[in-house]
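Knowing the structure of chain A, use the given hints to seat chain B on it.
There are 2 protein chains.
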Amino acid sequence: MEAASQRSQLSGERAQRIVDAMRASVAARGVAGSTFDHVARDAGVSRGLLHYYFGSKERLLAEVVRRDTDLRMAALDEQLARASSAADFIALLRGTLEDLVAQDTEFLALSFEVFTLSRRNPEIAAEFGELVRRTRAQVAQVLRAKEAEGVLVLRAEPEAIAEVLFGLGDGLALRMLGDPGHDHRATVAAGVLAVGALIG
Amino acid sequence: MEAASQRSQLSGERAQRIVDAMRASVAARGVAGSTFDHVARDAGVSRGLLHYYFGSKERLLAEVVRRDTDLRMAALDEQLARASSAADFIALLRGTLEDLVAQDTEFLALSFEVFTLSRRNPEIAAEFGELVRRTRAQVAQVLRAKEAEGVLVLRAEPEAIAEVLFGLGDGLALRMLGDPGHDHRATVAAGVLAVGALIG
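Residue numbers (UniProt numbering), protein chains in the order written: chain A, 1 to 200; chain B, 1 to 200.
Only chain A is shown next, with the shape it has when bound in the complex (with noise of 0.2 Å):
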């Protein structure tokens, strides 16, 4: 509750640049090398104010990787709502690993710092606990809306789908980036495939 009530706090620019900050300084230093005095002087604001609004980094980090999963699932809802087919939509999640493989690879490394910050604070995890039944229950919202629309047959619960896209998608991301110089299609491929056996 306490975290809502600070969020809530933080719309406008200030609390954008300091996220901005945050990431920047991450990309550039790596989550151990980011320190609040960092990220403060590239925000243009005060230590102290930064230690109001998040009370450690690892709040902070938290912050940044809800805030643009939120924005990527936001652009994902829109795709996925244009799909007029099973082909269309499963293609439309092909794009998107693709592009998280080739653009966004600190966002999939943050989310990963997340998770294993998240195994040794209870508040970190509470955050990352969110996070994913927040975007399992928008996906699985989504799957049900094109299901009633008559584009898709869901061949197991939405909610189960959901989890299957992600799990597939985050792992698939991993191993990709893991070996660049690997031929991923035929990877890719199957993973269409068997991502197939569930949306029809």
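Note that these hints are calculated values from the structure, not bench results.
Don't be surprised by glycine CBs; every beta carbon is placed ideally from N, CA and C.
Treat each hint with caution, since some may be false.
Quick list of simulated restraints, FRET-style, between CB atoms [claimed, not checked]: (1) Ala27(B) - Glu123(A): 16 to 24 Å; (2) Tyr52(B) - Gly12(A): 32 to 40 Å; (3) Arg133(A) - Ala28(B): 22 to 30 Å; (4) Ser84(A) - Gly55(B): 19 to 27 Å; (5) Pro122(A) - Asp104(B): 17 to 25 Å; (6) Ala189(A) - Ala189(B): 17 to 25 Å; (7) Ser46(B) - Asp77(A): 27 to 35 Å; (8) Gly12(A) - Ala189(B): 38 to 46 Å; (9) Asp183(B) - Glu147(A): 20 to 28 Å; (10) Ala27(B) - Asp77(A): 18 to 26 Å; (11) Arg134(A) - Asp70(B): 18 to 26 Å; (12) Leu92(B) - Ala87(A): 17 to 25 Å; (13) Glu147(A) - Leu71(B): 39 to 47 Å; (14) Asp104(B) - Arg134(A): 44 to 52 Å.
Some but not every residue of chain B turned toward chain A, in silico, with C-beta under 10 Å [stated by the list, open to error]: (15) Ala27; (16) Arg47; (17) Gly48; (18) Leu49; (19) Tyr53; (20) Thr105; (21) Arg133; (22) Val151; (23) Val153; (24) Ala156; (25) Ala162; (26) Val164; (27) Ala173; (28) Leu174; (29) Gly181.
Chain B only, in chain A's frame:
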């Protein structure tokens, strides 16, 4: 090359003690909190020796993950070799995922941490890439052998199927651990259905 030759000197009980001490330290203090001083004291070796063998904490972490992966792969190989049908094979994979989530959360967290480090450290990136390639090749080999025995029909390239299996396993484990209050039985069942499209 240097890493490989240093590694060859590292067989034996002392190396294992160092790796075990690092694993225990990371579980208790996280990577950021695990210094060479801690690990040297816990392993009963000098800080200089640790430095000589591993050079950096990140290298030692990569070594922990490499050894754990080798052990897990050997166990998985042995299990999968016994499968007498596609359903059996997929059930064994499902069991591996369930064990990972129930018992080996630290291993998963460490693997993601090595991925995170690999984004900013070329040496760790090389180690991580090697892990990705080795695990893919090893499972692809089991898949090929099982196809040759007439136990499985593969509906995509063995390497591609191996990537999907690891990707889905890691990604689902991440989400299952991130939201432990959720009932994941339907998710696991959907994962089994998806994998069934690749392994008949």
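Hints, verified against the model:
| no. | hint | in the structure |
| --- | --- | --- |
| 1 | Ala27(B) - Glu123(A): 16 to 24 Å | holds, 19 Å |
| 2 | Tyr52(B) - Gly12(A): 32 to 40 Å | violated, 53 Å |
| 3 | Arg133(A) - Ala28(B): 22 to 30 Å | holds, 29 Å |
| 4 | Ser84(A) - Gly55(B): 19 to 27 Å | violated, 55 Å |
| 5 | Pro122(A) - Asp104(B): 17 to 25 Å | holds, 21 Å |
| 6 | Ala189(A) - Ala189(B): 17 to 25 Å | holds, 24 Å |
| 7 | Ser46(B) - Asp77(A): 27 to 35 Å | violated, 56 Å |
| 8 | Gly12(A) - Ala189(B): 38 to 46 Å | holds, 45 Å |
| 9 | Asp183(B) - Glu147(A): 20 to 28 Å | holds, 21 Å |
| 10 | Ala27(B) - Asp77(A): 18 to 26 Å | violated, 38 Å |
| 11 | Arg134(A) - Asp70(B): 18 to 26 Å | violated, 37 Å |
| 12 | Leu92(B) - Ala87(A): 17 to 25 Å | violated, 32 Å |
| 13 | Glu147(A) - Leu71(B): 39 to 47 Å | holds, 43 Å |
| 14 | Asp104(B) - Arg134(A): 44 to 52 Å | violated, 27 Å |
| 15 | Ala27 | holds, 9 Å |
| 16 | Arg47 | violated, 20 Å |
| 17 | Gly48 | violated, 24 Å |
| 18 | Leu49 | violated, 24 Å |
| 19 | Tyr53 | violated, 22 Å |
| 20 | Thr105 | holds, 7 Å |
| 21 | Arg133 | holds, 6 Å |
| 22 | Val151 | violated, 19 Å |
| 23 | Val153 | violated, 13 Å |
| 24 | Ala156 | holds, 4 Å |
| 25 | Ala162 | holds, 9 Å |
| 26 | Val164 | holds, 5 Å |
| 27 | Ala173 | holds, 8 Å |
| 28 | Leu174 | holds, 6 Å |
| 29 | Gly181 | holds, 7 Å |
Checked against the numbered hints given earlier, the structure breaks hints 2, 4, 7, 10, 11, 12, 14, 16, 17, 18, 19, 22, 23 and satisfies all the rest.
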